[in-house]
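Asks: What follows is the residue order along each chain.
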Amino acid sequence: MVEQSTRATDRPLPLPRANLLHLLEQMVLIRRFEEKTMEMLALNRIRGYCHWNIGEEASVVGAVTALTENDRLITSYRDHGFAIARGTPPETVMAELFGKEGGCAGGRGGSMHMVDIARGYFGGYGIVAGHLPLAAGLALAADYLGEDRAVLCAFGDGATNIGAFHESLNLSKLWHLPVVWLITNNQYGMGTSVHRASAEAELYKRACAYEMYSEQVDGMDVLSVYEATERLLRRAREDREPSLLETLTYRYPGHSYADAGKSYRTKEEIERWHQRDPIRLFQRYLEEHGILNQGEYDLVERRVSQKIEEAVKFAEESPFPSPDTLFKYLYAEEGTK
Amino acid sequence: MAEGTYRQALQQALREELIRDERVFLMGEEIGLFGGSYKITDGLLQEFGEKRVRDTPISEEGFLGAGIGAAMGGLRPVVEIMTINFILIAMDQIVNNAAKIRYMFGGAIGVPMVIRTPGGAGVGLTAQHSQSLEVWFASTPGLIVVAPSTPADAKGLLKASIRSNDPVLFYEHLMLYNDKGEIPDEDYVVPIGKAEIRRPGKDLTMISHSLMTQRSLKAAEELERNHGISAEVVDLRSLRPLDFDTIAASVRKTNHVLCIEEGWLSYGIGAEIAARVADECFDWLDAPVKRIGGAEVPMPYSKPLESAAMPSHERILEAAIRARRGS
Ligand SMILES: Cc1ncc(C[n+]2csc(CCOP(=O)(O)OP(=O)(O)O)c2C)c(N)n1
Ligand SMILES: [Mg+2]
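Chains as they are written, first to last, in this note's numbering: chain A, 1 to 337; chain B, 1001 to 1327.
Because the hints were derived from the structure by calculation, they are not lab data. Note that the structure is a prediction, hence the values are computed from the model and not measured. One or more hints might be untrue.
Straight line, CA to CA, 25 angstroms or less: simulated DSS-like cross-link-like pairs of lysine-lysine [stated by the list, open to error]:
no.: 1; chain 1: A; residue 1: LYS337; chain 2: B; residue 2: LYS1051
no.: 2; chain 1: A; residue 1: LYS36; chain 2: A; residue 2: LYS313
no.: 3; chain 1: A; residue 1: LYS173; chain 2: B; residue 2: LYS1194
One side of the interface only, derived from the structure: several residues of chain B facing chain A at Cβ under 10 angstroms [unchecked claim]:
no.: 4; residue: GLY1065
no.: 5; residue: GLY1067
no.: 6; residue: GLY1107
no.: 7; residue: GLY1110
no.: 8; residue: PRO1112
no.: 9; residue: VAL1189
no.: 10; residue: GLY1193
no.: 11; residue: ARG1240
no.: 12; residue: THR1246
The beta carbon of each residue, even a glycine, is placed where N, CA and C say it ideally should be.
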């Protein structure tokens, strides 16, 4: 029931060259995008919270890339990278952060509530584990309607201690729902380490209580994450079997804008995780396999940097929503209060 | 037209909507094999099968949230919460998800679902099983809250709720399930957001919903018979959106107002209506707006204490006379 997979990087090329390069570019895009949001926060272009995926790029990109076009994604508030990985244009993510009409939620959602229904992204949610029951329901709908799709539901290590986690896993197994539960274990819920929060710190083992298959993978290795997610999504789609996947990763910055991330983590620990930077690791892998050289990597950085400049420009130029639209979208029928 | 109970009316609505729309399905604790805690869904599992009538574990947050997700995924779930007292476990799903999803995602997606749940006191179910919490939901933008007081409205409002594109909290009353009334035969809906004048009158407007509307009607008869007061009884039916136009029209006619509710008065439905009447109908008032509601205590067990905690016939009558007198 419980398995630890071997590192995918030890195996022959699992994907065509172009796809491998795409994984890299997506990871770089998310890293640079998040860094830009820090700058924009300092300039007061962005308000409120900002939860970054920096350090988690392999977990995010590996998992999301494994989705088919038909599959659905739903996540926690740490969602900028998930939206971008799913193909939501970075400019609409940035515009959302700026609170602009051109944002993916029209500026109504902000950092924690990215969304892109057309691409099967059912949104980011701000209550820890509050979206897990929704994922069960999305999977139920797919099953009910006989649709060929699975649901990927991403959340943090901290979310596994809430009732909604357990209720959702139970329902999904009981009803054979096509869903993959993805724990992005970045070792901390705000400042509380997994060991200080979970009696069973090997989080993937919790699936045992629900007779559910589960795995733990190296969340710094994009190919391991991709390979496991792809396999588990297929199992969900074809066999109507839910599963739990835990990726072991790390968030390099603080929890959100008001946290430097240093009071509860040692310098040594942070440094140790930096040595396994998911982007560097994958860059080295590609170089070792003769797929990428430094010049090509620089090109990736240049393309990404251009996309991000365009994203900022789009966000700057997009208009703010008019106060006249304050009650728009409250109900299906306009004018209802 | 045929006579039927409030319970039968609800079942008819569910049955007809299950037949009308393949996407409609029911989900809740004990609604299938057991036949429903209050037998609203009795027989529907046998008729429609497990796909359409789904028994759930005792997992309110889980299955109510799954209802929200299913609605986002293209279905029309009707989720039953055994009684409103247990809904608190699922409060986060209702308030933080169902009510907010359309708005916080800029209209990208909505949540067309119904949450059916009964509440109310009066049969000795005590502190944790006797509450009227519908107002908590009525104060939440993004939700629709309806509370029928008659069999015909129970059916028509439930159908309207199932066809609504927004999340509806459908509040039923345990003490109304056996009430009888005429139920139209044809396929009909009662529009959401429209109050109903249950009894016309010229001296006093009595505003209420659910069980308290039935109690108000009884009190109004006695007011007419023994006290020479002609009371107009407004049945809110919808708590959100609130049909203030109907209220205001009645106030302009009677110039006296009594709000009756079973729940606690503080920050309640009567408080909301009194504030709006004071604000928007001040010139039409001949006396202060009066309110009557449940005593602000956890519901006690002992019969005389329970009776003392509820707006009884006698207390409604007395409050109505005072509202008319202005004292
Ligand atoms: C129910 C709830 N309690 C508390 C919070 C405040 N909070 C926001 S994020 C967070 C930590 C969550 O940690 P984890 O699930 O590991 O996700 P991560 O932020 O690490 O991605 C907390 C406690 C919340 N949003 N929701
Ligand atoms: Mg975490």
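Asks: A separate judgement is required for each hint: does it hold in the structure or not?
Replies: Each hint, compared with the structure:
1. A/LYS337 x B/LYS1051: 35 angstroms, violated
2. A/LYS36 x A/LYS313: 12 angstroms, holds
3. A/LYS173 x B/LYS1194: 43 angstroms, violated
4. GLY1065: 2 angstroms, holds
5. GLY1067: Given a least distance of 6 angstroms, the restraint on B/GLY1067 holds.
6. GLY1107: B/GLY1107 check passes; min Cβ-Cβ to chain A is 4 angstroms, inside 10 angstroms.
7. GLY1110: Holds, about 5 angstroms.
8. PRO1112: Holds - the Cβ of B/PRO1112 comes within 10 angstroms of chain A, reaching about 8 angstroms at its closest.
9. VAL1189: 14 angstroms, violated
10. GLY1193: Holds: closest Cβ of chain A sits about 7 angstroms from B/GLY1193, inside 10 angstroms.
11. ARG1240: 9 angstroms, holds
12. THR1246: Violated - the Cβ of B/THR1246 stays beyond 10 angstroms from chain A, reaching only about 16 angstroms at its closest.
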